[in-house]
Structure formats: structure tokens, C-alpha cells
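J.: Chains as they are written, first to last, in our numbering: chain A, 1 to 446; chain B, 447 to 868.
None of these hints come from the bench; they were simulated from the model.
C-beta: ideal position from N, C-alpha, C; glycine also.
Be aware that a few hints might be false.
Far from chain B, by Cβ distances over 10 Å, these chain A residues were calculated [as the list claims (entries may be wrong)]:
id, residue
1, Asn35
2, Ser48
3, Leu102
4, Met103
5, Lys120
Each computed BS3-like pair below joins lysine-lysine, with the alpha-carbon atoms no more than 27 Å apart [said to hold, decoys possible]:
id, chain 1, residue 1, chain 2, residue 2
6, B, Lys752, B, Lys763
7, A, Lys47, B, Lys752
8, A, Lys57, B, Lys680
9, B, Lys813, A, Lys60
10, B, Lys813, A, Lys57
11, A, Lys92, B, Lys856
12, B, Lys821, A, Lys47
13, B, Lys832, A, Lys424
14, B, Lys813, A, Lys438
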Amino acid sequence: MPITSNKLTLGEYDQHFSDIHPPFETHSAALVDANRCLFCYDAPCMKSCPTSIDVPKFIKQIATENIKGSAHTILSSNIMGAGCSRVCPVEKLCEGACVYNLMGEEAIPIAKLQRYATEKAMAAKWPLFTRKPATGKKVAVVGAGPAGLSCAHVLSREGIEVTIYEKESKGGGLMTYGIAAYKVTPQFCEEEVNYITSLGGIDIKYNQELGKHITLDELKKNYDAVYLGFGVGLARQLDIPGEDLQGVVDAIGFIYAIRTNNYATVPVGDKVAVIGLGMTAIDAATQAKRLGAKEVTIVYRRTEAEKPCTNVELDIARLDGCKLIWLAAPAALTGTDGHVSQLICNVMKLGEPDVSGRRSPVPTGETITLEVDMVIKAAGQVPFEELVSTNQLQHNKGRISIDNNCSTSIPGVFAGGDCVNGGKEVVDAVQAGKDGAKAILKYLEQ
Amino acid sequence: MADISANFLGIKSPNPFWLASAPPTDKKINVLRAFEAGWGGVVWKTLGSQVKNVSSRYSAVSYNGSRVMGFNNIELISDRPLDLNLQEIKECIRLFPDRAMIVSLMADNDRQSWHELIKQVEDTGAHGLELNFGCPHGMTERGMGAAVGQDPEIARMVVEWVMEKATIPVITKLTPNVHSVVPTGKAAVEAGTDALSLINTIQSVTGIDLDTFVPNPNVGGKSTFGGYCGPAVKPIALKMLTTISQDPVTSKVPVSGIGGISTWKDAAEFMLLGATTLQVCTAVMKHGFRIVEDMCEGLNNWMDEKGFKKIEDFIGKSVPTLTHWEDLDINFHIVANINQDKCIHCGLCYIACEDGSHQSINLQYGKPYNTYSIKEEECVGCNLCKLVCPVEDCITMVEQRKGEEYLNWKEFQRRGLPLNDH
């Protein structure tokens with residue numbers, strides 16, 4: 001049986017994909033939490049944010065009703081502060097470091113407060129930044145994701161004309177295409193991109209893919225510098241028999257389909273298995289369930305102690321009714337009439353730690369078989385290795401190599417974000433964009 | 447269980463908590479509800495000649511999200527007919543004979559008016575009178591309220607008029623809008639007042655509306671100085687109470703304490719500095735009469751813990767510990783200590799000491815948590831770090847005396863000891 005779409009009513013789709021962390025509705029509500037903040041000196045939350053947002057300052061500014069100042073504090077460190085307030089795994093970043101944790105008290109809801117201030121800024125379209133006089137320099141950015149937008153914003157503020165080349169028809173990158181819809185809506189992502197580019201001096205050319213519509217040589221020739229921020233995007237193959245059966249999809253494509261179509265048009269199975277336990281695996285599993293899958297089972301080859309996702313994320317999956325099978329590694333897929341029907345897994349046990357320091361799973365010789373009609377692969381993403389190597393960029397397994405100045409092996413070409421680090425948080429990419437812009441400014445001065 | 451009943455000049459109340467002369471005591475319906483809630487007594491809102499009020503009348507100061515830390519009003523004395531007030535006072539006394547009924551008065555500025563008013567009030571069966579020498583707005587322009595309290599000689603004269611006529615105890619309520627409450631307090635005692643109460647409200651501007659630019663409260667685009675009260679004024683009230691308790695003349699009469707009392711702790715503090723009964727208003731205007739339950743229970747539990755059987759056991763107990771600066775022991779010295787197990791690494795002690803005191807705290811950088819420790823040799827024992835630390839008992843002050851014997855500034859100078867040696 002092929003998998004089908006349109007399993008729920010419109011009302012159910014709306015309910016399932018509504019905002020998972022509702023915002024503060026009133027200033028008074030925000031005040032209660034803002035006033036709990038101790039205003040730490042050299043605050044641990046700030047040090048735990050890859051973009052080093054001055055958290056105590058922006059929270060104090062909410063408390064004093066200086067919301068414009070608060071939004072400026074956030075966005076001057078992180079131009080995607082609005083998006084990050086919804087998608088950051090704050091439990092392992094700012095909120096995880098909040099000193100209240102050490103007191104055994106609830107951490108300050110930093111993300112929620114950040115959302116409060118930035119939401120107001122976006123709604124009112126506050127022009128919080130101005131551009132310096134034009135320098136006459138032009139920079140090309142590849143990818144309108146967090147790294148590219150962040151880099152472009154810093155450069156534009158310094159009076160540089162930036163052109164962003166984006167292969168999709170919308171900006172935002174992973175924010176727009178790769179994150180669960182109950183965290184950010186496509187409309188929000190669009191508004192955020194518009195808010196960022198409202199500064200001026202940033203021209204996004206959509207449907208322009210590097211290596212297809214444009215080449216690096218052209219960019220090098222036509223611009224004073226180039227910034228590569230095209231991320232990662234290819235799903236890691238399982239390399240097991242049956243991977244090409246119908247009903248076997250990768251999480252990135254599955255989430256992309258949810259983000260770019262009506263929920264009702266996205267096909268989902270009744271018995272779904274999700275391979276992997278990163279953030280993307282959780283987003284895929286929960287959304288499969290929310291699209292109407294009867295049974296979703298997450299299969300992970302290690303134990304809970306080694307899981308890459310956070311407890312908060314795992315709780316979302318559990319509360320959505322997703323099942324978990326620990327110590328199970330996919331070994332083969334079998335099908336009926338070309339469609340996947342079984343997932344056979346090796347039962348594993350933990351052996352010695354691997355290179356990452358985590359205890360590596362080894363097969364016990366036993367197997368288990370799951371009856372499935374859909375398998376979502378979320379076993380990690382791999383870089384665009386071919387794109388990188390054909391452009392003669394020095395790389396490590398497809399990850400672009402850069403020096404301390406964000407410079408690639410090609411002079412005048414800089415890079416950052418997931419295409420360099422292999423895939424980290426949105427907030428890491430924003431910081432990478434800032435670092436890249438700083439390096440480009442230095443380069444252009446020479 | 448301790449006995450928390452009060453006997454103030456023979457006026458008995460089951461507990462020392464009275465409602466101050468204010469909106470909550472201006473009519474029968476409120477006062478009966480207050481008595482039902484357990485209040486020991488009331489001071490009926492000031493009676494006098496008829497007045498007319500404006501609106502709005504109240505404004506407040508909020509701090510760090512906490513509402514009504516300070517409160518301000520421009521309300522005048524009772525604006526209800528005198529006869530109605532007198533009738534209702536009588537009915538309240540009949541329905542709750544065990545509660546204290548004091549009536550606040552502010553007669554027109556002549557002997558005859560005071561005498562007439564006192565006679566009328568005494569006919570209700572009230573237990574005591576309180577002279578309003580404190581109202582800081584509206585009445586002062588007519589030579590009453592604070593205008594009386596600010597001039598000891600006028601206060602003396604009015605108290606003398608009152609004492610000629612009064613047959614029940616008289617309490618004189620003092621205004622804080624003076625350099626010292628003692629001169630007026632002294633004049634009132636010398637003129638024969640049976641007791642004092644303090645403080646009335648402090649003239650203030652609570653704040654300005656940043657959209658309209660009109661200060662609060664806004665009366666059709668204009669404002670005026672209002673009387674400040676609530677938790678924010680407690681420290682000032684306690685200071686003024688202390689000066690009354692320490693003065694040889696004013697300390698002869700009992701005192702009813704007023705000024706930001708919201709909890710049993712506040713009450714105990716006022717009593718330790720000499721108050722026999724406590725008058726509450728702002729806290730009730732914010733939370734209602736029900737707060738008296740915890741005030742009674744809390745005071746009772748504290749007295750049991752401390753072994754006090756009745757309130758007289760501790761009234762005034764803290765007065766002797768407030769002394770002049772030059773009598774303080776210079777050899778007493780403390781240094782701060784940070785309990786590293788309790789420290790949450792917020793750095794508040796560090797930045798306070800660095801910017802606001804003596805740079806006596808070490809910072810050892812860490813990611814994300816820094817470590818903070820005291821430089822004992824630099825610490826002057828000022829207390830600032832302990833005050834700002836959000837964790838209970840994390841920073842403690844450890845005694846490290848500089849010398850065995852008690853040494854005060856006068857003796858220090860007499861001996862010609864070197865300055866700045868510690």
C-alpha cells in the first residue's frame with residue numbers, strides 16, 4: 001500500500017502545527033519573568049550563546065519598557081534573534097547556563113523574552129540599524145540562510161553592496177525549509193528575511209544555484225569578495241539493502257515537503273519508522289505523527305545516554321506518542337510490490353567509545369523486525385562534497401576548510417556556517433556569518 | 447500561645463492592629479467588615495468641617511514589577527455628613543464592644559469648634575480621640591492638618607484646647623513633613639496629650655506620566671503634592687519613631703506606630719522601637735482586611751519563639767541599641783566570606799564591590815561560570831556583597847576584631863590614634 005496524504009481535518013492540521021511555545025501576550029506577563037532575572041555580571045547565559053547576546057541587558061530593557069532598546073541589543077548580536085528565539089535549543093545554551101539552575105529554580109525563559117522583544121520590533125518594522133556611506137565595494141554571498149543573511153547584514157551596515165544568490169525561491173535556509181513547522185511558520189520566516197533586508201543594500205537573487213545558474217569564477221570576477229554559506233543538505237545514506245524502495249524518504253526532504261506544501265498534501269505512512277535521534281529526527285518523527293501517522297517509532301542504535309537531541313526535544317516526541325527503540329541499527333529494508341513493508345534491525349550493545357568519545361554500538365547477532373509502510377532517514381546530513389571539490393576549494397570530506405580569518409583556500413573567497421562545520425545550530429551559523437563579514441571587511445581594507 | 451492583646455491608655459483591643467484613619471475607616475460598612483476580619487481597632491476617618499474631594503486621588507510607585515511599593519493620595523478628611531458618621535460610629539461600637547474605636551478629628555482652627563466636635567464624638571461612646579496634625583494637602587491651606595503639626599506652638603495651643611474638654615484619651619498624630627518630629631511631639635506632651643501617633647503621610651510627587659507629562663494623580667490635566675505612604679516610607683517612620691522613643695519628654699507617653707506597616711514583621715519592628723499599637727492603611731487598601739489574620743498569627747508565633755508572653759515584654763526593646771555614630775565600636779571588624787558550595791556565580795557581589803565599594807573580590811574567569819572569592823586584606827566589611835547576593839547564607843560576614851577592647855571615636859581621638867590603619 002503506498003503511503004497517502006490528507007489524513008486529518010483542516011482544524012486538526014492547524015491544531016497540530018500551531019506554535020509549540022506560545023509567546024507572552026502582555027507586557028505584564030513578560031515583566032514577571034524579566035524581573036526575575038538577576039542581571040548577572042559576565043553572565044553565563046551570554047557566554048553560552050554562540051552570538052554572545054547581552055542577555056541581562058536585553059532583559060533589563062524589557063523590564064524598563066525599553067523594548068526598542070531590547071530588540072536592538074538582541075539583533076545587533078544576532079540578526080536572526082527572532083528566529084533563534086523560537087528554534088534555538090536553549091536548554092543546552094543560554095537557559096541551560098542560567099544561574100537559577102544552580103539554585104534549583106526554573107531558569108529565566110530567555111528565549112520567550114527574546115521573542116517578546118524581537119516580535120515587537122518586527123511587527124512595528126522598527127528601523128534599528130542604519131548603513132554607513134557607500135564604500136563602492138560589492139560582495140556576493142551564496143545562500144540566504146542564517147550564515148549568509150547574517151554576513152550580508154553586517155557588510156551592508158558597513159556600506160557594502162551585497163548580492164545574495166539563493167537556490168530556493170525563499171530565503172531563510174534551514175529556518176524556512178528544515179525545521180518543524182510548529183516552531184516557525186513559513187510566513188514568519190519570510191517576514192524575518194524581509195525585516196533583515198529592510199536595512200537596504202542587500203539584493204537576494206532567488207532560484208540561483210551555485211554550479212548550475214552561476215559559477216564561483218563569475219562571482220570572483222564580478223565582486224570584490226565572495227562569502228559561501230550554502231550549508232549542508234544531503235541526507236546520509238544508510239547503505240543497506242532496500243533503501244530505494246518506495247516509502248523510504250530522507251528527513252530533510254520530508255520536512256522540506258511539509259514546509260513548502262499544504263500539510264494535507266504531504267504523504268505520510270500509517271506505520272512510520274524514523275532512523276536517528278538528532279534534532280532533525282525528532283522534527284521528522286513528531287511531524288509524521290502530527291500529519292496523521294498512526295504509529296511512529298524512532299530507532300536509535302545507542303542508548304538514551306548517548307542521544308544527540310536534548311531532553312526537551314525528546315519529551316516533545318514522547319508527548320506526541322512516538323515510540324523509541326534503543327540499541328537498534330537498521331540492517332535491511334524489505335518490500336512488497338516495490339513498497340517498503342519491513343525494517344529489519346540488528347540489536348546492538350554498547351562497546352568501546354568511538355572517535356567522538358561516545359560508546360560505539362556493536363551488533364549482538366540478534367535482529368528485530370518492524371512492520372512499516374514508511375521509513376524516514378535522519379541519520380545525519382552530508383556536505384555538498386561534489387560542489388566543493390569541483391570548485392577547487394580545499395575541504396575535509398566536503399566540509400570547506402577555512403583559516404582563522406574565515407578564508408577558504410581561494411583568495412577573496414570566504415565561507416562559514418554548516419558548509420564549514422558540517423551542521424550546527426542556526427545560532428552558530430549566524431555567528432559564523434558575523435565572523436565572515438568581519439574577515440571580509442578586513443580583506444577589503446587591504 | 448502568647449497574649450497579643452493591647453491596652454493603650456486603658457483602651458483595650460484583642461490585638462494591637464488598628465486601621466489608620468483613612469478610606470477603609472470612613473463608614474460603617476467597612477468598619478464592620480474590618481472587625482469581622484479580626485482587626486483590633488479602628489481610627490475613624492477624620493471628622494471636621496465639610497469638604498469636597500477631587501478625582502483621581504491616588505497614585506502609586508511600582509518597583510521592579512512589584513506594585514504599590516509607595517502610595518500617594520490627595521484625598522481630604524471625611525466628605526460624609528458629620529451626623530451620619532457619628533451615628534455609624536455609635537452603631538459600630540454597639541456591635542463590636544471589644545474593639546478599640548478611636549475617632550480622628552480636625553476641627554476648624556478655633557477653641558469653640560474643637561470643643562463642640564469633641565463633645566459630639568464623646569457622645570457616641572468612642573474610646574479615644576486622635577488629633578489630625580498631619581494631613582499634608584488641602585487642609586493646610588486652611589491652616590489645619592500639617593499646618594498645625596509643623597508649628598509646635600500652634601500644636602501646643604490646639605492640644606490645650608482639646609485637653610480642656612476631652613474626658614477620654616487623646617492621641618496626637620504627628621506630621622513627618624518637618625526636620626524633626628520631636629519639637630511638635632514635645633509641645634503636644636507638655637500640653638497634656640495622653641499619647642502620640644506617627645507618622646502621617648509625606649509630601650511627594652510619585653511620578654509623571656511620560657505620555658501626558660502630567661504628574662500622578664492627574665486631576666483634569668493638573669496634579670498636586672500628595673501624601674506618601676506604604677512600604678516605601680517605613681524606614682523613615684521607624685527613624686522618627688525612634689527619636690520620639692529616645693526623647694525624655696515624648697517617651698513618657700505611649701505611641702501608636704504608623705508608616706508602611708504591611709506584615710507582622712513590620713509590626714514587631716515598630717513595637718521594638720516603642721510602638722504599643724500599630725496602625726495600618728496602605729496594605730489594606732492594596733490587599734483588603736484579610737491580611738490581619740497573618741499579622742496576628744505571625745506576631746504570636748514570633749513571640750512564642752522568643753519567649754515573650756505579652757507585648758509589653760518587648761515594646762521598646764531595641765531603642766537603646768540605636769546610638770550616635772561616635773559611640774560605635776571602632777575595633778569591631780568583619781570581613782566577607784563566600785560559600786563556594788552555595789555560590790551560583792552570578793557575579794553580583796563582584797560588580798557591586800568593584801564599582802560600588804573597595805574592589806575586594808577576586809574574579810577567576812571560567813566558561814560559563816566564573817569563580818569569585820574575597821580578598822580578605824582589602825575587605826572593609828561594608829556588607830554590600832552580602833546585601834546583593836541572591837542566595838541565602840551564601841555570603842556571610844565573619845568577625846575579625848581589630849582589638850580586644852571597645853573603642854569609640856571620641857576615645858580614638860583622645861588617644862591620638864593613627865587614622866587609616868584599618
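J.: Are the hints correct? Go through all of them and say.
T.: Each hint tested on the structure:
The non-interface label for asparagine 35 of chain A is inconsistent with chain B: the shortest C-beta to C-beta separation is roughly 4 Å, within 10 Å. The non-interface label for serine 48 of chain A is inconsistent with chain B: the shortest C-beta to C-beta separation is roughly 5 Å, within 10 Å. Against the 10 Å criterion, leucine 102 of chain A falls within the reach of chain B, whose nearest CB is about 4 Å from its own CB. Here methionine 103 of chain A does not stay apart from chain B, with its beta-carbon only about 5 Å from theirs, under the 10 Å limit.
Taking the minimum C-beta to C-beta distance to chain B, about 18 Å, the non-interface status of lysine 120 of chain A holds against the 10 Å cut. Simply put, lysine 752 of chain B and lysine 763 of chain B have alpha-carbon atoms about 13 Å apart, close enough for the 27 Å limit, and the pair holds. As the CA atoms of lysine 47 of chain A and lysine 752 of chain B are separated by approximately 48 Å, the hinted pair breaks the 27 Å bound. This hinted pair does not check out: lysine 57 of chain A and lysine 680 of chain B have alpha carbons roughly 31 Å apart, beyond 27 Å.
Between the alpha carbons of lysine 813 of chain B and lysine 60 of chain A the distance comes to roughly 23 Å, so the proposed pair stays at or under 27 Å and holds. Taking the CA atoms of lysine 813 of chain B and lysine 57 of chain A, the gap is near 19 Å; set against the 27 Å cutoff, the hint holds. Annotation: proposed proximity of lysine 92 of chain A to lysine 856 of chain B is violated, straight-line Cα distance about 59 Å (limit 27 Å). Between lysine 821 of chain B and lysine 47 of chain A, the direct Cα distance comes to roughly 25 Å. Compliance with the 27 Å bound is thereby established for this hinted pair.
The straight-line distance between the Cα atoms of lysine 832 of chain B and lysine 424 of chain A is roughly 41 Å, outside the 27 Å bound, and the hint therefore fails. Straight-line distance between C-alpha atoms of lysine 813 of chain B and lysine 438 of chain A comes to about 24 Å, which keeps the hinted pair within the 27 Å bound.
Hints 1, 2, 3, 4, 7, 8, 11, 13, counting from the list given before, are not met by this structure.
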